[in-house]
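These are the residues of each chain, in order.
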Amino acid sequence: MRKLLLLSLALVVGLANLAFAADDTVKIGVFLPLTGQNAFGGQLELEGVQMAHKEVGTILGKKVELFVVDNKSDKVEAANAVQRLIEKEKVQAIIGTYGSSLAMAGGEVSEKAHIPQVGTSCTNPLVTQGKKYIFRVCFIDPYQGAGAATYAYKTLGLKKAALLVDVANDYSVGLAKFFERSFTKLGGQVVSTLNYQSGDQDFTAQLTKIISEKPDVLFIPSYFAEGAIIMKQAAELGATFKIMGGDAMDNPKITDIGGKAVEGFTHTTFPYDPSMKNMSAMAKKFTDGWKAQYPGKEPNVNAALGYDAYMIILDAIKRAGKADPEAITKALAETKGFEGATGSTTINATHDAEKPVGLVVIKDGKKIYEGEIVPEL
Amino acid sequence: MNLATFIQNVLNSLTLGSLYALVAIGYTMVYGILRLINFAHSEIFMLGAYFVFWGITLVHLPWPVAMVLAILVTASLGVLVDQVAYRPLRDAPRISALISSIGVSFFLQNVAIVFFQAIPREVYRPSWLEDPILMGGVRVLPLTLFVPLLSLALMLALVYVVYRTKTGLGMRAISKDIETSYLMGVPVNRVIAITFGIGSALAAASGIMWALRYPQLQPIMGTIPGFKAFIAAVFGGIGSIQGAVIGGVTLGFIEIMTVAFFPDLAGYRDAFAFVLLILVLMVKPTGLLGERPEDKV
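In order, the protein sequence lines correspond to chains A and B.
Those letters in the first sequence? Residues 1 to 377, by this note's numbering.
Those letters in the second sequence? Residues 1001 to 1297, by this note's numbering.
This is chain B alone, in the form it adopts within the complex (with noise of 0.2 Å):
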């Protein structure tokens, strides 16, 4: 392998990597407040996709408008699909809601197979995101630099907002012990609205960046990215945001490295980075970032 190619597949497992970076971030706040697994962050996402591309074709909105809107709608949607699905379950156990969040995903997906039909449609990228730049015998798409970019300042935000702000302080309250939390004044639902709110922006902007990259919209698109960043926020350490980013970027990786450095078990790609996940899992069954879980006394 040349050094150009080298370089090449280091650029591609950067934007897969930050791709899955993106969408893990949204898991992990959920969790980290709730410990509730979304399930319905993989449609959540789809439809954050959907909706920049119908303001384009359909509204005919200038790109950044349809992007920011689109990214309010899904927040808005994030934060019904909390109230409906997951707040008559807040004091029920914990697998009702996980249970809850599943039939979400399906419910959310099989709408959208509803009104979008199951074929994909095409995507339309902004002229200056289709032309890559060379530097060498090296491409870059423009997105390439964007993504990691962006992941990173998202989770300076996310950072910023949790560890600095009032609501913050809300979140990492609840997390530790809800019912405490209800005790001491937290206006814990409308923290945990704007916790949902929050992580459905971040699945809109991920299924936004993710159809960009891989420019083609279906209803079942946000399956396998949710799976990927799923496990990807499991490996950094789920709950931690700074995981889900060291996680994600990991992952893709070693998707992109395996197929690089053994190309005949490219089909098998997905095989490694489980395989690559149970062994973190076994030596540090909390993640690489994860703290350790606290008895309650």
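Excised from the complex, chain A in its bound form (with noise of 0.2 Å):
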């Protein structure tokens, strides 16, 4: 008897959860590191989300609610964070994360509970990988290292290149084994490769090496916390070279904490700037909208990476009709030319955006976006 008056218990509270669920608001889980080295990215991106959810609230009459966790830039983190969106907050859908290895952490939890999940600038291959409810709103590292290694050999005329790569980090071996490939392809000759491990603060030695190797270009698939030291001790040893590296490295501050060091620096990222001429009408919007909302603070990619995760998941919804996370996962596979802030996005057949690689260059203190490149894979 008792343990059927149990059993009748759960099943009452199942129910109620169930049409708890079915509630009249769609509920949105975000993870980003909040702290931790990636806050930086992880802080500007969940501006950007916000933003999304200020200008659009509502989806098919129901109203949208955020959750959002910090995952501390940590592997372990994100993969709790991940289940406690599910779990507790029971999300339909998820955006998330700066940082490939934290995404791959959280994906797999999102992968197994079935609920869609929208990276931001997750650009490893791996993320997505044989993942069927994982998806992205960036491409994906070998366009990005390539885009890089194209820029420096065919525009720059640049013929040996050195790279610094950060061991412990998926993000930074991808970049850098992408763009080796890419440039030893089309003639170019790495001279040296270097490591060091997230967290290191001290690049002297590498460098003092890949001084006296004397390259055109120096690679640094690195975070922009790193970075910035990195560029900073390179100056102080006397480097002349040209430096590179990929979108981790874009970030507004840059110029603040690398001061004369950053002049000249050139990243690869995703095709928006506020510096950028023949804005497309959504970036316009944006930019506009991030100037009315934070006055006095620059958007970044990252921020507008952010705003688009938001809204594609947004347009997914609208095109399911419903919003049950089989059917979101369904209308994102199928997305094609979707207008967002960092321009058209189609997602292919294994669910990372498409769209052109873009070239920002740091003039007189300024961040200035160059353009577009093909890359040369």
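If you're looking for bench data, these hints aren't it; they were derived computationally from the structure.
No residue lacks a Cβ here, since even glycine has one placed at the ideal position from N, Cα and C.
Possibly wrong hints are sitting among the right ones.
So the derived label-pair ranges between C-beta atoms look like this [what the hints assert, rightly or not]: (1) B/Phe-1106 with A/Lys-285: 41 to 49 Å; (2) B/Phe-1274 with A/Lys-330: 31 to 39 Å; (3) A/Val-76 with B/Pro-1093: 25 to 33 Å; (4) A/Lys-63 with B/Arg-1094: 36 to 44 Å; (5) A/Asp-256 with B/Arg-1087: 39 to 47 Å; (6) A/Glu-87 with B/Arg-1094: 38 to 46 Å; (7) B/Val-1140 with A/Glu-89: 51 to 59 Å; (8) B/Met-1184 with A/Glu-87: 54 to 62 Å; (9) B/Asp-1131 with A/Gln-129: 29 to 37 Å; (10) A/Lys-363 with B/Gly-1137: 25 to 33 Å; (11) A/Glu-89 with B/Gly-1103: 25 to 33 Å; (12) A/Glu-89 with B/Met-1001: 54 to 62 Å; (13) A/Thr-184 with B/Leu-1276: 33 to 41 Å.
Assembly of the complex is requested from the two constituent chains, each provided in isolation within its own frame, with the hints serving as guidance.
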């Protein structure tokens, strides 16, 4: 009898839960690094998501509710964060994250729970590989690394390259691998590849070695905080070669922290920057909206990707006609020519976004959008 | 490797090593007196650095004033941490104070994340530090000369305090036997407060130097230098001030020279440091200059 009572009680609770999930709100979870070494990018992306949420707060007549969890730039925390969003908050879709390593850890959980996840700026190919429920609004590392190599070799005519890679970071290793592949294929030579580990702050030994090899260009696929220090130390050690990096270096604060040392630094990024000419209508809308909401603060591509990740989910819900995870997943996979702040996005067979590679150079302490390049893979 | 590159690497090692040494001295002092590994040392280090740059950017103090003030504020904070987190546990088993110090460490780090935000901030460096001096093919930062000298001066001053002053006598007495010191009329709590004050002032000084060398402030900036300095302290013989300096400098040399001579292994230089630490501890468990612990009868 008692067992039966308990069982029925459990059933009632279960039903209540089910009813709650089918409530008149759409629940979207966000997991981003708001603290730790990737906090810089994570916070900007969150601001982009929140701005999009403020702009469009309802879909199919339902209110959209955001649940934000900090993944602390930590792989274990990332998996926990997604677990919490799914089990406790019962979200129908998830946005996140900055950082490929974090996206992979969180993606596993999402995939098992059959909840769609849209990555913001996680560019490692493995993030979506073999996954049914994982998508992203950014392109992938082979594309970006090859873009940097193509630009260095063909546009700038640099023949000898050195690499400084964070071995503990999937993003860094991936970008370096594809830069090297493309650069040597084009006819260039990689004179040395040196490593460091996330969290290191002293790069003098590696830089001294690299300087002695006399490369034309140094490629540093590092995160922003480390990249700025690497460039400062390189300048102190008397480096004169060109330095290039990837999208993780795209941050408005780079000139504050880097000072004179970042002058001339070029990095690949997604096709958005507040300084770009011929901005698309959506990019313009995003930039104006940002400036109205955060006066005195420059938008950047991470904020734009956060914005796009939110919008692309709403777009999928709209096309699906309902906010159930399976329907959202199906609609996301069929996204074609979605117009966002970072250009026109088509989700391809591997669930990655297809869009051109942008180039940003720092001139006179300012970030200048140089244009776009089609990488030679 | 040509001579200029080698000398450059020696200088790189010396800068990094003496920074480790500076942090390690603070660790080793508290340990020497209280047998307590103060994990909050890394966070005191971080706060010290933040205070200076606050003084400069918010209150517009001149450099030297901001630095002295920051050191004083940080020293008081260290004393406060002792009063709140360690003093109530003086008679408890040693592990309780250790756990308490881990708690303080997390607490301060999270407070810093809330108040300063997790995003890295730029550091303003006085211009005379920015420009490297060129000697042949070797580039020397003024800081490269300044930090080892400062570490050495602080070490000598500390050795003087510990071995030549009354407070130092108190410290040594407490380190031998805290209960008997009480009975003999040593003002134990005051001496311990002074120890924490000095230790924290050292942490602040090293935090400031670190921020000047690696110009970026963030709430987690103390963690890695803290760990490295802890290794350096153990390596040199924890509790020994001279040992901390030797340990720190040695660790700096190992890390830089590993990369210089085995560039392929550059990503694993921490592993090299640990392997050496393990080897030393296998041969000489008390560290290079550590004393053999006396058995209490």
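Going down the list of hints, with the structure as the test:
Taking the beta carbon of each, B/Phe-1106 and A/Lys-285 are about 43 Å apart, inside 41 to 49 Å as hinted. Look at B/Phe-1274 against A/Lys-330: about 50 Å separates their beta carbons, and that is not inside 31 to 39 Å. Look at A/Val-76 against B/Pro-1093: about 30 Å separates their beta carbons, and that is inside 25 to 33 Å. The hinted window of 36 to 44 Å between A/Lys-63 and B/Arg-1094 is violated, with their beta carbons roughly 55 Å apart.
Hint check: A/Asp-256 to B/Arg-1087, Cβ distance near 41 Å, so the stated range 39 to 47 Å holds. Restraint check, A/Glu-87 to B/Arg-1094: a C-beta distance of roughly 40 Å satisfies the suggested window 38 to 46 Å. Between B/Val-1140 and A/Glu-89 the C-beta distance comes to about 56 Å, which sits within the given range of 51 to 59 Å. At roughly 60 Å, the beta-carbon separation of B/Met-1184 and A/Glu-87 lies within the given 54 to 62 Å, and the hint holds.
Between B/Asp-1131 and A/Gln-129 the C-beta distance comes to about 48 Å, which lies outside the given range of 29 to 37 Å. For A/Lys-363 and B/Gly-1137, the Cβ-Cβ distance of about 30 Å falls inside the hinted range of 25 to 33 Å, so the restraint holds. For A/Glu-89 and B/Gly-1103, the Cβ-Cβ distance of about 29 Å falls inside the hinted range of 25 to 33 Å, so the restraint holds. At about 57 Å, the CB distance of A/Glu-89 to B/Met-1001 agrees with the hint of 54 to 62 Å.
Range check, A/Thr-184 to B/Leu-1276: Cβ separation about 36 Å, and the 33 to 41 Å hint holds.
Checked against the numbered hints given earlier, this structure breaks hints 2, 4 and 9; the rest are met.
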